[in-house]
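As a plain string of letters, each chain reads:
Number of protein chains: 2
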Amino acid sequence: MNLTDAEALDRADPLARYRDDFALPEGIIYLDGNSLGALPKAVVARIAQVVGEEWGQGLITSWNRYDWIDLPRRVGEKIAPLIGAAPGTVVVADSTSVNIFKLLSVALAVRPDRKVIVTEEGNFPTDVYMAGGLASLLGRGHQMRLAAAASLADAIREDTAVVLLTEVNYRTGAKLDMRALTERAHEAGALIIWDLCHSAGAIPVELTGANADFAVGCGYKFLNGGPGAPAFAYVAPRHLSGLRQPLQGWLGHAAPFEFAPDYWPAAGIDALRVGSPPILSMSALDAALDVYAGVEMGAVKAKADALFDLFTTEIRARCPGLDILTPSDPARRGSQINLRHPEAYAVMQALIARGVIGDFRQPDIIRLGLTPLYLRHADVFRAADILCQVIASGEWDQPGFKQRAKVV
Amino acid sequence: MNLTDAEALDRADPLARYRDDFALPEGIIYLDGNSLGALPKAVVARIAQVVGEEWGQGLITSWNRYDWIDLPRRVGEKIAPLIGAAPGTVVVADSTSVNIFKLLSVALAVRPDRKVIVTEEGNFPTDVYMAGGLASLLGRGHQMRLAAAASLADAIREDTAVVLLTEVNYRTGAKLDMRALTERAHEAGALIIWDLCHSAGAIPVELTGANADFAVGCGYKFLNGGPGAPAFAYVAPRHLSGLRQPLQGWLGHAAPFEFAPDYWPAAGIDALRVGSPPILSMSALDAALDVYAGVEMGAVKAKADALFDLFTTEIRARCPGLDILTPSDPARRGSQINLRHPEAYAVMQALIARGVIGDFRQPDIIRLGLTPLYLRHADVFRAADILCQVIASGEWDQPGFKQRAKVV
Chain A
518 MNLTDAEALD
528 RADPLARYRD
538 DFALPEGIIY
548 LDGNSLGALP
558 KAVVARIAQV
568 VGEEWGQGLI
578 TSWNRYDWID
588 LPRRVGEKIA
598 PLIGAAPGTV
608 VVADSTSVNI
618 FKLLSVALAV
628 RPDRKVIVTE
638 EGNFPTDVYM
648 AGGLASLLGR
658 GHQMRLAAAA
668 SLADAIREDT
678 AVVLLTEVNY
688 RTGAKLDMRA
698 LTERAHEAGA
708 LIIWDLCHSA
718 GAIPVELTGA
728 NADFAVGCGY
738 KFLNGGPGAP
748 AFAYVAPRHL
758 SGLRQPLQGW
768 LGHAAPFEFA
778 PDYWPAAGID
788 ALRVGSPPIL
798 SMSALDAALD
808 VYAGVEMGAV
818 KAKADALFDL
828 FTTEIRARCP
838 GLDILTPSDP
848 ARRGSQINLR
858 HPEAYAVMQA
868 LIARGVIGDF
878 RQPDIIRLGL
888 TPLYLRHADV
898 FRAADILCQV
908 IASGEWDQPG
918 FKQRAKVV
Chain B
518 MNLTDAEALD
528 RADPLARYRD
538 DFALPEGIIY
548 LDGNSLGALP
558 KAVVARIAQV
568 VGEEWGQGLI
578 TSWNRYDWID
588 LPRRVGEKIA
598 PLIGAAPGTV
608 VVADSTSVNI
618 FKLLSVALAV
628 RPDRKVIVTE
638 EGNFPTDVYM
648 AGGLASLLGR
658 GHQMRLAAAA
668 SLADAIREDT
678 AVVLLTEVNY
688 RTGAKLDMRA
698 LTERAHEAGA
708 LIIWDLCHSA
718 GAIPVELTGA
728 NADFAVGCGY
738 KFLNGGPGAP
748 AFAYVAPRHL
758 SGLRQPLQGW
768 LGHAAPFEFA
778 PDYWPAAGID
788 ALRVGSPPIL
798 SMSALDAALD
808 VYAGVEMGAV
818 KAKADALFDL
828 FTTEIRARCP
838 GLDILTPSDP
848 ARRGSQINLR
858 HPEAYAVMQA
868 LIARGVIGDF
878 RQPDIIRLGL
888 TPLYLRHADV
898 FRAADILCQV
908 IASGEWDQPG
918 FKQRAKVV
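Residue numbers (this note's numbering), protein chains in the order written: chain A, 518 to 925; chain B, 518 to 925.
Straight-line C-alpha distance at most 20 angstroms; calculated SDA-like pairs for lysine to any residue:
| id | chain 1 | residue 1 | chain 2 | residue 2 |
| --- | --- | --- | --- | --- |
| 1 | A | K558 | B | Q566 |
| 2 | A | K595 | A | T725 |
| 3 | A | K558 | B | G569 |
| 4 | B | K818 | B | L526 |
Don't read these hints as lab results, they were simulated from the structure.
Just so you know, these numbers come straight off a predicted model, no measurement behind them.
In isolation and in its complexed conformation, chain A is listed as follows (with noise of 0.2 angstroms):
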């Protein structure tokens, strides 16, 4: 392979024209779009409308004129098909961590007489210690059991209330077999929850066909949504009955603007709706979401396998001593090729400095995100091949680059 043969591919990639919906800047190769996915070009125009016109312009009547009110629920259902979620089952709202609050939390109380909440050693640190901040708050004796990717299915037992798990592993780009964890859990007697931050947008996700009792995930990574946008919950309709969850805020009501003393929660899915929603933050994932009209998941997972493979292929002819942690198994692998260097951090801080930005995960690992919408064969081809001369010359041994920032 050689650049040459890089170009050929892209060429005759058929998701190839997705690249232009995005503002990227000049010679940079992105690949961190797994943990701040790029700027699609129409979200420029409509925030400049929601602040310009709705906000200035409409002002509080732009909650009904431009149903800023709903957007919550719209925003849901432009994700649910991107997670083989059936309509009404998603809506958009509040971070990650409060919707596992939230979802735990209804959970828990399903299964009253089950004290175990099961989750992955290694889980990304917010499913855990929202988990245990609840725990603590109910003071009923609920205790975590964490347990390696490979015995989970032993860890799930008949004292399980609530399996919660990260389908894509962070630090791994590993992926768990949703189907047969979430058998796994019913055959136990327990609800299961999936963390989509790193499946989302990313891979073909089948929550419905996996028969998944709840999920949250981010809107910021593949769904490319801006730093920091809103989060989303799914609930299957088989829970959505009665839906109640304790974080009964007034946009949660069944009647807000009645300003009703007593709390009744929203039918359906917006029972999940809490405080007033950030219409700016969330205006852009809409935006950014419509990239996603019409694109086939199937397709994006076909593409980011190849990028894969292609990185990979140059990784183990040009610097084999980098140890590659992400399964080579497309069935078992989100859509992130992750790497081990004793020096990562300073190795990261040399791709950054060459123009290649991924990012660094505690100890030692180089994280690159692979973005089948944006990236191009030969892009993936050049961060290989400068990633192999980093290492070759030892340029990230230098103090400059071994500094850490605050934030990586």
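Here the structure of chain A is known, so what remains is to put chain B in place on it, guided by the hints.
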């Protein structure tokens, strides 16, 4: 008083120059800044910069380069002087509702033996709903005690764990005595949480002077942060040490980017952070707050009082049948004028058709917000004139104005 007199007052108004900081629609008199503040011109440029440059060009590196990660604290520091709070005691995060949940959890944990939460009858519903949701979740027999404003001091007793009050009532504009009620709460051994949604940026607030324990408030009313702008939370310095709340998200961790398995709350006010902040919405609030730089809240109150007097004098003279709900004593009200009319909804629709925007609140309330930074005496004079014309002519009494919209 006639229009010429009102215009003379505008020429002498020391706050008159701030009006030019806002992008206001032509031909509209906006008396709804207490629901959604007008657009500060600086927000337009700031949001274009955040979207195009920071997100679009800086991508993931902007979390460091533009210090997005500390934006919740920086915005909190701008709000602090407006509410009489010391540096390091205010953070911007989530919604008012979610912040009530956090702080009420903290406060209830301080008084585990007490089971009563005192609030005002007719407090804004979300405050009562959120408290009810927390009480149900805890399942430890916490109960709400609702009392009329005049009976609040008596309702705070030795069984009271927490007092949860909104300083300015959303339906009457009446202001509670923060200092006296805080003292009464402490005397009874209770803690107090103040909801400042209709206070922050509207009237001088002295959280430190009143010795308040906790406070929350929204960013989208008098602070002009835009639709659904993030909310703020205040914790008195004496409660900051060891502060821990149940929504233990990763960004409230002492070292979020260490991705440690155990949760250790950040020192101080940062322990109230949960998930990723919505940077677009929060940046709008940040830019909007710059309008307040150098503004003295006493001057804002003085002008609000002058506007109130001007409006009510006209109403009493020209349409005396209208019932003015808001106290005439300036020390006992916020920055609104609440009127009662049996067909309040239809009257408000007729006013909007004439370019005077305020809002309707169930069941019979016309609510007008006084925002001295962008309202002129002449605007308020004209609004009173138009309101009395509408009432006198009966032009509100038409089917088109009597149909209820979804949100008002």
